[in-house]
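Peer 1: Chain by chain, the residues run as shown.
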Amino acid sequence: MFARTATGQYRLLIHTGSSVCFASNSRLVTAVHSRACPTPGRHINLCSLVGSSGLPDNCRRYRNTAQSEQKLVLSDAQRQTIYALSTPPGKAGIAVIRISGPDALRLWRSVVQLKKTKQESLPEPWKFYRCRVVHPESGEVLDEGLAVYFKGPRSFTGEDVLELHVHSGRAVLSSILNALSCLPYCRLAEPGEFTRRAFAAGRMDLTQVEGLKDLINAETESQRKVALQATAGQLRGWLTQLRTDIIKCLGHVEALIDFSEEDIEEGILDDAKQRARDIARHIGEQLSNFRRGEIMRSGLQLAIFGPPNVGKSSLFNFFAQREAAIVTNVPGTTRDVLEISLDIGGLPVVLADTAGLRETEDIVEKTGIERATDRINTADLSLFVLSLPDLVNGGSSQDSISKNIDSILASEITSDNIYVLLNKRDLLPTETYERLESGLQKWNIRGAWAISLATGEGTREFLEKFEQILKERYGLVDEPTASGPRPLVSNARHSVHLETALRFINAFLDTSDADVILAAEELRYAAQAVGKITGHIDVDDVLDVIFRDFCIGK
Amino acid sequence: MFTSARRRIPHFARTTRTYASIASTSTAYDVCVIGGGHAGCEAAAGAARTGARTLLLTQKLDTIGELSCNPSIGGIGKGTLVREVDALDGVCGRVTDKAGIHFVMLNRSRGAAGWGPRAQVDRKLYKRHMQETLHNYPNLDIRAASVHDLVLDHTVDDTRPHPWASVTGVRLETGDTIRASQVIICTGTFLSGEIHIGMKRFPAGRMNEAPSVGLSGSLRAAGFKLGRLQTGTPARILKDSIDFSRLEEQLGETEPVPFSYINSGVDNARKQVSCYKTTTTPLTHQIIQDNLHLSCHIQETKKGPRYCPSLEAKVMRFPQKDHHRIWLEPEGYDSDLIYPNGLSCSMPEEVQIPLYRSVPGLENAVLVKPAYGVEYDHVDARELRPTLETKRIKAISIKGLFLAGQINGTTGYEEAAAQGTIAGINAGLAVLHRPPLILTRADGYVGVMIDDLILKGAEEPYRMFTTRSEYRLTIRSDNADLRLTEKGRLVGAISDTRWSHFLSTRNEIIYVTEILKSFSHSPHGWRKLGVQFDMRSDGIRRSVFELLNRGDVTLDVIKPLIPELATMDPRSVERVAIDAQYNAHLRRQEADLRLFSEDESLVLDPNIDYSNVEGLSSEVRERLALIRPTSIGAVRRMEGMTPTSMVSLLRFAKRTHRPEPVDIPAQEMLAS
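Protein chains in written order, with the UniProt record's numbering: chain P, 1 to 554; chain S, 1 to 672.
Chain P extracted, bound-state conformation:
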């Protein structure tokens, strides 16, 4: 809902903005002021993937509710409905996400959207439905595909099973898996868990027929190890440290329970809580890197947007270095979202051209604009293209032009995900452009460039700068950033387990000091979640800490 509000707000803003560009300067300034929300909608929307604490916004409701009504953070065992990608990722056009468990139908209702007429009734089992897969919270369409419901016990696992047949792109898959992870009653399957359930249901014949190995699905232990080994040394180091930290934290709390008679220094619980807070912070930071890591794998989503006829499609073709998009001087030529994959400075980029944003009565164009705004909202970065002559023509003096451009930059670039291109500089009279040039350097720093796609003026400089910016943002440069080098979480599985761990650590922190044993329970679940990434945390690991850190024994 939050995201939806934000999205709605953003749509409104874009419309205001685009119409303004063709109006007078005074209105433009007013429009800038009318922007009430300091954070652009798209930024909030990104939050729904990765919140500031690292928890997706729509997952945050698990927090802080732990003790109020004795509603505890659900353990994995309580989340009996499991999901997993059951086809090898990236190897085929279609991927199958399999969901099994008592809440499969509930999940269907949350993420499967059929044609409006059919939406209310329950799906007929063993029948394919063409559907949209939507985010359960924001309603955002994640993909279009097929869904089929196998009614238990006549299913692979004997439980209610749901299969989503969707496009196999990494971005699509990760967004769907991410969306499923926000449903409190389901969780990512353990390696081999589907097969395990199939066996429990007496469906072992099926598994034998289909071949055991494939059915352990993509999420196998060996893959965990490979993934762990393949992760950058930095991340591996981070995970090892995380493991050590949480074992130490748990060890100290457990020591308070088992060795309360011993000489255990006072303040151990406070220390453990401080340690837990540090761990939570680190995990939060790590999770906010998740999107960065995702970009490395699935490509950076870069959207071009702006009012009609400012040269968006020319920019698209400039990047594509071919006539991928039809370019005319008729406003509203581009009506659908066009996509192309690029490599900018070693970074995989999915560039999208969108319809010009304006008020229109044309139904096709309107749909195009809706798609454009959706795309802009979900993009990692976007390029806001404006026509320099349009801005100048409306202005009376050099000062006011500069001021207006300043204002636009000030408003648009409040989100550091937006860069501005002032196109068609060749159409300005030379003296007008020269008068503006003094301000250009300032704009460059803020991520705005004046170029001409027709003549190529300024494009080279823009490309170099933009490449540099991407490299810095997405960690391809060797120099550590101001906040220090941070490892990327490149594996969706890591992030799911880190989120779980974080929920339990927060629950631990929320438990009163008087209840050490109950607090320890939360920490044990947190350690379990961490162990799923770093290798099982055994009681011996915990005891090792206890006996190393405390002199136990009379």
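In case anyone wonders, no lab produced these hints; they're calculated from the structure.
Computed from a predicted model, the values in this text were never measured in an experiment.
Treat the hints with caution; some may be incorrect.
BS3-like mimics (lysine-lysine), calculated; alpha carbons at most 27 Å apart, straight line [what the hints assert, rightly or not]:
no., chain 1, residue 1, chain 2, residue 2
1, S, Lys399, S, Lys277
2, S, Lys225, S, Lys124
3, S, Lys456, S, Lys399
4, S, Lys369, S, Lys200
5, S, Lys225, S, Lys399
6, P, Lys71, S, Lys517
7, S, Lys369, P, Lys151
8, P, Lys151, P, Lys115
9, S, Lys369, P, Lys273
Here the structure of chain P is known, so what remains is to put chain S in place on it, guided by the hints.
Peer 2: This is chain S only, laid out in the frame that chain P set:
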């Protein structure tokens, strides 16, 4: 379930009596237990309870029930083990209630899941009551004898791929043979025991008692993998030589909680004695440092317990600490000895005197018996099955041979007693050709311990901690009877007295639960009753059970409102309150337990030829061949098992009965 149990029990009881009367006409025994320590006593009693004709062999009749080290029973985790033994109708809980002279509930402030009942006991009383109990135990004979060897039948069984043997009895040092189809070895530290004091080393099980060397040889010859472990005990100090005046006194609790579920109080509640606290000093540590070269025990790299280290180990591992805590514990009413808990060492006797005298209060201490270290053989417990019988897989496997106690790498009276109970009952059941009693990690600490031992072995002497259990909130010291007594009764190891006592306790708990769940009011209603807590008036009725769970009220606030509670056993009321308090957490743990039991119910044949199982790496095959897990759950807990190997083994798993819904909190299930 209830009715079926009732129907079956008289049947068992009948069989038992019939069998016992037949057995008693024969000169041979069904079960022979070697060793009269804590494991041996419970093993003998356990086997006898099932109806098997049982013989307890011990070197000296007088040392039956000896507390070789500290004069106390119980503790955190350990206390729960005693309760579990008691819930299976074992003897140590009842004996402790008679022999205890100082009772405390450890962790009382931390909540019931951490409670650890502990008692200081009078050594003589403990021995006397234990011996009395066993001498009067039905189906049990006791004899003083030293066992030299096992008598084995090596007849090759053509139906099995590997040669194996079965026990037919034991050979005594006198040369006599005693026939028995099941033998339980509970030799403690006596298996090739060697005592170390300073640089002196000599064979002994306990001070002045001969070790058991022959048996060690037989086990080795049979192919068992033996390891060496170390432990130690402090010197005993003459009570009158200690100046207690400056030391902190620790009193027993005025209302001791008994260990046994069938006792409502303890014998010596009104005449408890105190313990005293003191510490080591920098001088103590200096003396240790200066004399480390004089201890052969500490110089060797064999594994001693990290949680109960000798003073030498403490000083070496924690040089930054300038003092370590010591408890001076009385050895009994008419004993003139004090046990200095925390001063275990293996320094030469002449060093021990100045060492002990560097401790406040002990300036003039007279050492009656020196401290010593002991080193002994233990068997790799991975050679055992969940019944504690040795596996019948390879040549080393011997049918009818059970091992219990320190021989399996554990330490502590309670750990030994718990193993003895399981080995004893199962040896008895084997005689009667009944299905074994197998307890899992979900059933109790006994299950946790045995599972740990048979899957991982003991790298160091194994002691119970609550940390070891995944289900700490569920398996508590207050509810061992609800967890185990019915299981014990179903195999025929619970006496009628115990069973009827248990039934009345359980009914009362069910009844109290009903009361606390049905007594409900809206927030407004509660306020009118004078019960204040932070809750807005939402008109929703909440029961006492819910309020206890939310932590809004305590039992004391409620009791005056429900006069009927006063007529109930306060322990039952308290137990229901504990379940209420943990209710939300127990629900969550229940889901974990359900997954656990599902895996446990998928049984694997330990005789699988792993080389024929596809999809296993050679490393995994090796591990499997060593452990030979008996369930998919055990595979999951084994080290180095991948999900792929688990799935490959699934094909070989047999589904036993679908696990019943988790019976915790048991009273709730029973009530429904």
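Peer 1: All hints, please: hold or fail.
Peer 2: Verification of the hints:
1. Between the alpha carbons of Lys399/S and Lys277/S the distance comes to roughly 49 Å, so the proposed pair goes past 27 Å and is violated.
2. At most 27 Å may separate the alpha-carbon atoms for a hinted pair to count; Lys225/S and Lys124/S exceed this at roughly 36 Å.
3. Of the supplied pair hints, the one linking Lys456/S and Lys399/S holds, its CA atoms being roughly 22 Å apart against a limit of 27 Å.
4. With a C-alpha separation of about 15 Å, the suggested pair Lys369/S and Lys200/S falls inside the 27 Å cut-off, and the hint holds.
5. Between Lys225/S and Lys399/S, the direct Cα distance comes to roughly 17 Å. Compliance with the 27 Å bound is thereby established for this hinted pair.
6. Taken as a hint, the Lys71/P and Lys517/S pair is honoured in the structure, with Cα atoms around 19 Å apart against an allowance of 27 Å.
7. Distance restraint check for Lys369/S and Lys151/P: the Cα-Cα separation of roughly 74 Å exceeds the 27 Å cut-off, and the hinted pair is therefore not satisfied.
8. Proximity of Lys151/P to Lys115/P is assessed by CA-CA distance (about 21 Å); at most 27 Å being required, the pair is judged to hold.
9. At most 27 Å may separate the alpha-carbon atoms for a hinted pair to count; Lys369/S and Lys273/P exceed this at roughly 46 Å.
Checked against the numbered hints given earlier, the structure breaks hints 1, 2, 7, 9 and satisfies all the rest.
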